[in-house]
Amino acid sequence: MRILVVEDDKDVAGFVVRGLKEAGHLVEHADNGRDGLFMAASENFDAVILDRMLPGGIDGLRLLETLRGQKNTVPVLFLSALAEVDDRVRGLKAGGDDYLTKPFAFAELLARVEALARRGKGDAPVTRLLVADLELDLLSRQVRRAGQKIDLQPREFRLLEYLMRHAGQVVTRTMLLEGVWDYHFDPQTNVIDVHVSRLRQKVDKPFPSPLIHTIRNAGYMLRADPA
Amino acid sequence: MTGPGVKAAPEMGRQRPTLWRRLTGRGSDRPLRLLRSASIRFAAVYAVLLALSGFALALFLWYETAGLLDRQTEAAIRADAQGLSERWEEGGLPALVMTIDDRLAQNVDDDAIYLLVDSQLRRIAGNLQRWPQGVTATNAWYELPVQRAGIRSLARVQRFDLLGGFHLLVGRDVRVRAQLRNLLTDAMLWALVIVVAMASGGALVVRGLFRRTLANISHTSAAIAAGDLGQRVKLSGRGDEFDQLAETINDMLERIGRLMDGVRQVSNAIAHDLRTPITRARTRLEDAALHAGSEAELRAAIERAIADLDGIVAVFQALLRITEIEAGSRRSAFTAFDLAPVLADVGELYAAVAEERGIQVAVESPPQLPAYGDRELIQQAIANLLDNAVKFSPRGGRVTVSGAASGGGVIIRVRDQGPGIPPDELSRAGERFFRGEDARSTPGSGLGLALVQAVAHLHGGTLRLDDAAPGLAAVLLLPMAQPLDPAGPGT
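In the order they appear, the protein sequences are chains A and B. First residue of the first sequence? That's 1151 in our numbering, and the numbers climb one at a time after it. First residue of the second sequence? That's 3 in our numbering, and the numbers climb one at a time after it.
These are calculated hints, taken from the structure and not from any lab test. What you were told as hints is all true, and nothing was included just to trick you.
Below 30 Å or equal to it, Euclidean Cα-Cα: the simulated DSSO-like pairs (lysine-lysine) are:
no.	chain 1	residue 1	chain 2	residue 2
1	A	LYS1355	B	LYS393
2	B	LYS393	A	LYS1352
3	B	LYS393	A	LYS1252
4	A	LYS1221	A	LYS1243
These numbers were taken from a predicted model, which means no experiment stands behind them.
Based on the sequences and whatever the hints tell you, model everything.
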């Protein structure tokens, strides 16, 4: 995927660019708002990682507003030290698709950017999700694996749905908390792990090959082939 | 010093000093500086008001006494003249002369004055020898010295013209009255002098009082400005406006003091509670840099250090969030919402973790529980309470989350069967970084309850921690600041 990183801090930018390249993406970097806007507007990217406070007269919010004003719908993830709830709301209102505050874990950034970039494509509404022999019907709200019906609680169903929609991608605990529970704070106890392990009991345990994998220091991934 | 006391009128600032200079005949700004002193202004207002009222009183008294005498004299003269003119019309000159003589004879007070003259101003009747000079107009009052029976006196007279060229002078001797009037006037003038003197003296007293009262407040303020926060404004004990002001100022100082204590406490806590994990992270990294034998060892040390740093960041974020909530800026996010599903969701989120530890979580709530506030913050507050309850519950324990409507608000209770908090620690439990003696070994930052408390305050509510014997009952009371409106909140 082609990703644009607009970030003025050399260390952070270097770290992010290197990490994204290692993950197999094509990365462009701008260290000020003016260049960032020019590159975002003139080239096609799958996602943009955007700092809020930028030199060059155009800050992240202005940049994004200008971009959206030109009907550019490239997915944008804000990466900012401005961490107040209102800052986050402002960023999302300006047209941002996601908001990650500094300091951040690279795994979190990567997972979110990949999720964003992929969401941009294939918007067709689906009624049925299928990963290997696991099948989830969104209309009848039924789950089957290898033809066998699995009974899930409503929340477990939504958790599985989220994992299947992001099949093959890393999904972090925070993403699950936001996507499945709509909670925007970090519970002190790691409650998500317990919910995932319960889901595993039902979806993976009775079957020979597991689908839900734990990705160390990052989160979870649902995928067909054991890597 | 060119500006006047009134900043709103800059053009006056240029005029007033020059006017003053012209009035006082010197270039000094001293009068201006004096006027700018509030105590002198108050004293001057007092003096002017007292003098004005004294003057008004004197004027009134004078009018009611001396003025009354004058008016009585004039009325008597007018009545006299009326009678004489009637006699003249009835009986002509002889009747008039007879009447004048009669009246003079009957005049017991010997104060009546009559003079009837012909066109050549020759005397026909009356007790004056000659027509006084200068009495030329009718319908006008004259006050003039007269010579009567060899005595000099003062008379108030009016002239009337009769048919046939006769002139009539009717009047009263007012010597005694004039003396009385002079006496009164003198008394009034002296009274005025005394009033002015007393006003000036009183003004000085007022100024002194004013200064003394202000000096109390201003000394205290100066001491506090110099850093002595323990100072308080002394109360006179009279409960007057100055006492009220002093109390308000003392309350303000009290609050500032508490806030300062809070800040000091927080910075101490930050220094202590963050120093520990930072030291740990630093030690790990240095140890790895010096002693790690293999890349795997190095990597493991770095990962642990990152985890430590993440913990520090989490503490920072929690602190900032509490500050953000306490600043009250989140009030704009207040909406009306149903609390029942929020309770159920949070309960469900923690039920799984609790079950792993053999703890049961029960949610008790009516099917609908209307509330008004910041949904996300209330959610987090409940999550924090539940997090605590689950953390401190013994295996096999039971945690109850209940919500109920209470007097226009909602009351949320989270009850556990853990060790509870000792009574002497209960009041401090909501402080930032507070961790009970028995809780030192449990993971946590000591900020959970502080956040709940901040959320409660933001909503105008309270967080109460009760001993549930056994265990702890955290009671979050949120008054509904705004009645539920289907059209949505107004603010």
